[in-house]
Amino acid sequence: MHKNRVVLGLSDGVDSAVAAKLLLDQGYEVHGLYLNIAGGAGEREAKKSAERLGIAFSAMDVSSEIEEHVCRPFAEGYLRGETINPCIGCNRNMKFEALLRYADEIEAFWIATGHYSVIEDGKIYAGHPDNDQSYMLCKLKRSQMERLLLPLGGMKKEDVRNIARSMHLSVSEKPDSREICFISGETYASWLEKRENTPGEGDAVYNRNVFSKHDGIHRYTVGQRFGETETGRRLYVSEIIAETNTLVLALWEDLFKDEIFVRDVVWLSDDLVFPIEGVVRARHTRWEMPECLITQEEDGRVKVKTKDKLRAPAKGQTAAFYIASRLIGGGTIDGWM
2 MHKNRVVLGL SDGVDSAVAA KLLLDQGYEV HGLYLNIAGG AGEREAKKSA
52 ERLGIAFSAM DVSSEIEEHV CRPFAEGYLR GETINPCIGC NRNMKFEALL
102 RYADEIEAFW IATGHYSVIE DGKIYAGHPD NDQSYMLCKL KRSQMERLLL
152 PLGGMKKEDV RNIARSMHLS VSEKPDSREI CFISGETYAS WLEKRENTPG
202 EGDAVYNRNV FSKHDGIHRY TVGQRFGETE TGRRLYVSEI IAETNTLVLA
252 LWEDLFKDEI FVRDVVWLSD DLVFPIEGVV RARHTRWEMP ECLITQEEDG
302 RVKVKTKDKL RAPAKGQTAA FYIASRLIGG GTIDGWM
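Heads up, the sequence shown is in the numbering used here, so the first residue is 2 and it goes up one at a time.
To be clear, the hints were calculated from the coordinates, so they are not data collected in a lab.
Just so you know, even glycine gets a beta-carbon here, dropped at the ideal spot from N, CA and C.
Mixed in with the good hints there might be a few duds.
[Claimed, not checked] In the DSSO-like style, the derived pairs of lysine-lysine whose C-alpha atoms are separated by at most 30 angstroms in a straight line are:
#1 306 to 124
#2 158 to 142
#3 214 to 195
#4 306 to 142
#5 258 to 195
#6 214 to 49
#7 175 to 158
[To be verified] Label pairs and their calculated CB-CB ranges:
#8 255 to 325: 29 to 35 angstroms
#9 27 to 144: 21 to 27 angstroms
#10 122 to 5: 15 to 21 angstroms
#11 312 to 167: 38 to 44 angstroms
#12 231 to 275: 33 to 39 angstroms
#13 178 to 210: 38 to 44 angstroms
#14 253 to 276: 28 to 34 angstroms
#15 204 to 142: 40 to 46 angstroms
#16 77 to 229: 52 to 58 angstroms
#17 231 to 142: 49 to 55 angstroms
#18 142 to 5: 19 to 25 angstroms
#19 298 to 27: 27 to 33 angstroms
#20 159 to 184: 57 to 63 angstroms
Please build the complete structure, drawing on both the sequences and the hints.
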C-alpha cells in the first residue's frame, strides 16, 4: 500500500474538484474515481475537472450496487411509511466501499471525498456550521474511517468556490444539487410509482375520525401540511400507518417530541460509556441539534431524551449522535413517546 496515494470520489461538482486540489497541495498522488450510476454529462464533467487538475481519472459502473444498496431500500422504506435519507446508506454500503475496492486495486492506502467534515485520528467531527455534512457520515464502517481523508474539513462553501474560480474550473459556479442523484428531474413519488405497486387512496384521520382522503401514503412525509380544521387551524401529517394505508394528522404543536427510540445504531467508537450526554441531529439541518441523554434499552434500541423537543421525527429518519462536535454514531428512528 502506498501511503502517499489516494482515491478521491470525484463527482461533477465543485467540492470534490477542490478536494483534489487540496490533496495535491499536500503532496498526495490523487486518483479521481467517478461512480457512474447512469452515464451522461456527469462523467464528462468529472473527467474535465480531472484533466484540468492533472490527476488520473477512472469511472466505475455502480448501477447494480446502487440498485441493491440504495434504490431498493429507499423504495421499500417509503412503502412501509418511513422517511428515508438515501445518502447515509449509500455512503456506508456503496460509495465508500467502491472507493476502498478501487484503492486496494491500485494499492492506494487512502480514500477521500468532498464532504464538509473534519477527520482527525480516525474520529469524525462536524465541519463549519453553515455547510457541515457530518450527518451523512454517521453510519460509516470503521474500516472506511481508518483510511479516510476529508480535505475540505471545516471550510466554508464560498471559500471552496473561490479556490475553484482561481483555478478556472468550469464547475466553480455550479449550484448545489438538491435532487436525489438517482431520481433526476422528477419527484420521488412519481419515481416510486414507475417501479413499485404503490398504495392508492386511503383515509387521513384527525382526532380518530376520518378527516379526508389521501392519494397514497408514499406521497407524504411526517411534518407535511395536510389541510385545515373547520376553525382554520393547519393540520400536518404526524404518523403514517402503512398496514392500513392511513395518515394520522395533528396540529403543529403536537408534532414535537422530546423522547425518541432509535434502532440499528452504528457506533463509531468503543470508548463510549452509557448513559451518554450528547447532542442529537434527526435531519440534515444546521439549526436543530438539541442536547440529549442517550440510554440503552433491553431490546437493543436506544432511548433519546432531548432537552428541547424535536420537530416531527419520522420513522425511518436517521438520528446522528454527537458529543460536542465529535460524531459518535447514528441509527434509525423507530418510534417516540
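Hint check results:
no.: 1; hint: 306 to 124; result: holds, 25 angstroms
no.: 2; hint: 158 to 142; result: holds, 27 angstroms
no.: 3; hint: 214 to 195; result: holds, 22 angstroms
no.: 4; hint: 306 to 142; result: holds, 26 angstroms
no.: 5; hint: 258 to 195; result: violated, 35 angstroms
no.: 6; hint: 214 to 49; result: violated, 50 angstroms
no.: 7; hint: 175 to 158; result: holds, 12 angstroms
no.: 8; hint: 255 to 325: 29 to 35 angstroms; result: holds, 32 angstroms
no.: 9; hint: 27 to 144: 21 to 27 angstroms; result: holds, 23 angstroms
no.: 10; hint: 122 to 5: 15 to 21 angstroms; result: holds, 19 angstroms
no.: 11; hint: 312 to 167: 38 to 44 angstroms; result: holds, 40 angstroms
no.: 12; hint: 231 to 275: 33 to 39 angstroms; result: violated, 47 angstroms
no.: 13; hint: 178 to 210: 38 to 44 angstroms; result: holds, 42 angstroms
no.: 14; hint: 253 to 276: 28 to 34 angstroms; result: holds, 31 angstroms
no.: 15; hint: 204 to 142: 40 to 46 angstroms; result: holds, 42 angstroms
no.: 16; hint: 77 to 229: 52 to 58 angstroms; result: violated, 33 angstroms
no.: 17; hint: 231 to 142: 49 to 55 angstroms; result: holds, 52 angstroms
no.: 18; hint: 142 to 5: 19 to 25 angstroms; result: holds, 24 angstroms
no.: 19; hint: 298 to 27: 27 to 33 angstroms; result: violated, 44 angstroms
no.: 20; hint: 159 to 184: 57 to 63 angstroms; result: violated, 28 angstroms
Going down the numbered hints, you'll see the structure goes against 5, 6, 12, 16, 19 and 20, while the others check out.
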